[in-house]
Structure formats: C-alpha cells, structure tokens
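Chain W: place on chain G using the hints.
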Amino acid sequence: KAGVTQTPRYLIKTRGQQVTLSCSPISGHRSVSWYQQTPGQGLQFLFEYFSETQRNKGNFPGRFSGRQFSNSRSEMNVSTLELGDSALYLCASRWEGIRNEQFFGPGTRLTVL
Amino acid sequence: SQKIEQNSEALNIQEGKTATLTCNYTNYSPAYLQWYRQDPGRGPVFLLLIRENEKEKRKERLKVTFDTTLKQSLFHITASQPADSATYLCALDMDSNYQLIWGAGTKLIIKP
Numbered sequence: 001k002a003g004v005t006q007t008p009r010y011l012i013k014t015r016g017q018q019v020t021l022s023c024s025p026i027s028g029h030r031s032v033s034w035y036q037q038t039p040g041q042g043l044q045f046l047f048e049y050f051s052e053t054q055r056n057k058g059n060f061p062g063r064f065s066g067r068q069f070s071n072s073r074s075e076m077n078v079s080t081l082e083l084g085d086s087a088l089y090l091c092a093s094r095w096e097g098i099r100n101e102q103f104f105g106p107g108t109r110l111t112v113l
Numbered sequence: 001s002q003k004i005e006q007n008s009e010a011l012n013i014q015e016g017k018t019a020t021l022t023c024n025y026t027n028y029s030p031a032y033l034q035w036y037r038q039d040p041g042r043g044p045v046f047l048l049l050i051r052e053n054e055k056e057k058r059k060e061r062l063k064v065t066f067d068t069t070l071k072q073s074l075f076h077i078t079a080s081q082p083a084d085s086a087t088y089l090c091a092l093d094m095d096s097n098y099q100l101i102w103g104a105g106t107k108l109i110i111k112p
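Each protein sequence line maps, in turn, to chains G and W.
So the first sequence is numbered by our numbering: it starts at 1 and just counts up by one.
So the second sequence is numbered by our numbering: it starts at 1 and just counts up by one.
Derived from the structure by calculation, the hints contain no laboratory data.
A quick note: this is a predicted structure, and the numbers were derived from the prediction, not measured.
Where is the CB? At the ideal position from N, CA and C, for every residue including glycine.
Don't take each hint at face value.
[To be verified] In silico BS3-like cross-links for lysine-lysine, where the CA-CA straight-line distance does not exceed 30 Å:
#: 1; chain 1: W; residue 1: K107; chain 2: G; residue 2: K57
#: 2; chain 1: W; residue 1: K3; chain 2: W; residue 2: K71
#: 3; chain 1: G; residue 1: K57; chain 2: W; residue 2: K3
[As the list claims (entries may be wrong)] Here's a subset of chain G near chain W, in silico, CB distances under 7 Å, partners left out:
#: 4; residue: G42
#: 5; residue: F45
#: 6; residue: E52
#: 7; residue: S79
#: 8; residue: L90
#: 9; residue: P106
#: 10; residue: G107
[To be verified] Simulated restraints, written as ranges between beta carbons of each label pair:
#: 11; chain 1: G; residue 1: R63; chain 2: W; residue 2: S8; range: 38 to 44 Å
#: 12; chain 1: W; residue 1: D39; chain 2: G; residue 2: P8; range: 19 to 25 Å
#: 13; chain 1: G; residue 1: Q18; chain 2: W; residue 2: G16; range: 47 to 53 Å
#: 14; chain 1: W; residue 1: T78; chain 2: G; residue 2: P39; range: 25 to 31 Å
The following block holds chain G by itself, in its conformation from the complex (with noise of 0.2 Å):
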C-alpha cells in the first residue's frame, strides 16, 4: 500500500497570504488528523476529520480550517499567515479502530516570511 502522501512538501509564503496543504491518505483509511510541529513543541493537533466530519478539534485559531473530500483525501487552509505559522504541518490518518497507530506523511515545511 502507498503511504500518507503530502503536497507540496516545501512552501514559502508572506504575511498576509492563505495557503492550502493536501493530505491523501493509506487507501481505505477514513481517519485523517492534522498536526503543527515546530521546535521544542511537539506535535500540536488541529483537527481530525473522519468521513468527511470533523469529529476533534484543537486550541487554534478560526484561521486554520480543514475539510475532507468522499475519496477521504484532505486539506488544510491557514488564512492570513502569520510568521509564528512557520512549522512542520503533519497529516497523519489511521483504520477505523480508535486506538490504532497513526500513519504520518512526510509534512509539508511551511516558512512565512
């Protein structure tokens, strides 16, 4: 099976922008999270979507949203970038089962300037 794949994996933007991320996960996973990482954090959660619901949300601004598509493929838009949105965002998705492990993608590096 093709692993969790995120595009684009580098982006630059400025202040100001609004970037969009795209997750597609492991073929037959309905379960997709997203993930801020930047150093000395750790992973912060945003969201999970699961069918095409969001079903958890984290403590971030109305700025960072998401949505799920029927195929289970997701993305992730920050608008009006700020330079603390700098970071490793991570997309991760996992079987139906509540307590399986989490198949991360690579991340997509954003860097705000």
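Chain W alone, transformed into the frame defined by chain G:
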C-alpha cells in the same frame, strides 16, 4: 488538563548499551500509550502501543513498560545502534475522545 513530560535534553548512549527514555504524565492514566520514532524532516513512525492493564510490551530490541502508580512509561532499546538515533515521542490516548496527547519528544544519540 493532562500534561506529558519527556526529557527535553538529548540522551547520549554508547553503542551496544541499553537506552531508556521516560514519559511522565499528570492527572489521569491513559487507556493506551503509544511510542513513535521521528527522524529529522520526516513524520513520526509508530513503534509500540501498550494498554492500561499491561505492564510490559516487547518488540524485537524494544521494550515498553507502563506504571499507572508512578504515572510513567519507560521505553527501552537494548543493544543500541547508531541507526537508533532519532527523536522518540510518546502519545497518550485518554479514551475520552479521538485526540492523542503528545509529548515533545526526547532526542536519542547513539555513539559508535
């Protein structure tokens, strides 16, 4: 709210020795605890999952323990190799929602 502590300082271990990493948490014990490995510039990779009622779990050179009294999980790598050098993350599953709570990770360096 639940907090997780992993040693923020890098752990330096001589090749061939056993590396032991610690994951401490506050408040309530999770139903499940997971360990992941992350290499620079890449996403974390799942290693082991241990349940609340399990004391120990093994997989090849890896061993995880879970002590709900101490509110601690230990992750051991025996016969460590330079290829084991990476950052290791623990994640708690509280069984109350679908969200994992992540530690910041410990960087492990195995010296030849």
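Check your understanding: Are there hints from earlier that the structure breaks, and if so, what are their numbers?
Key -> Those not satisfied are hints 6, 7, 11.
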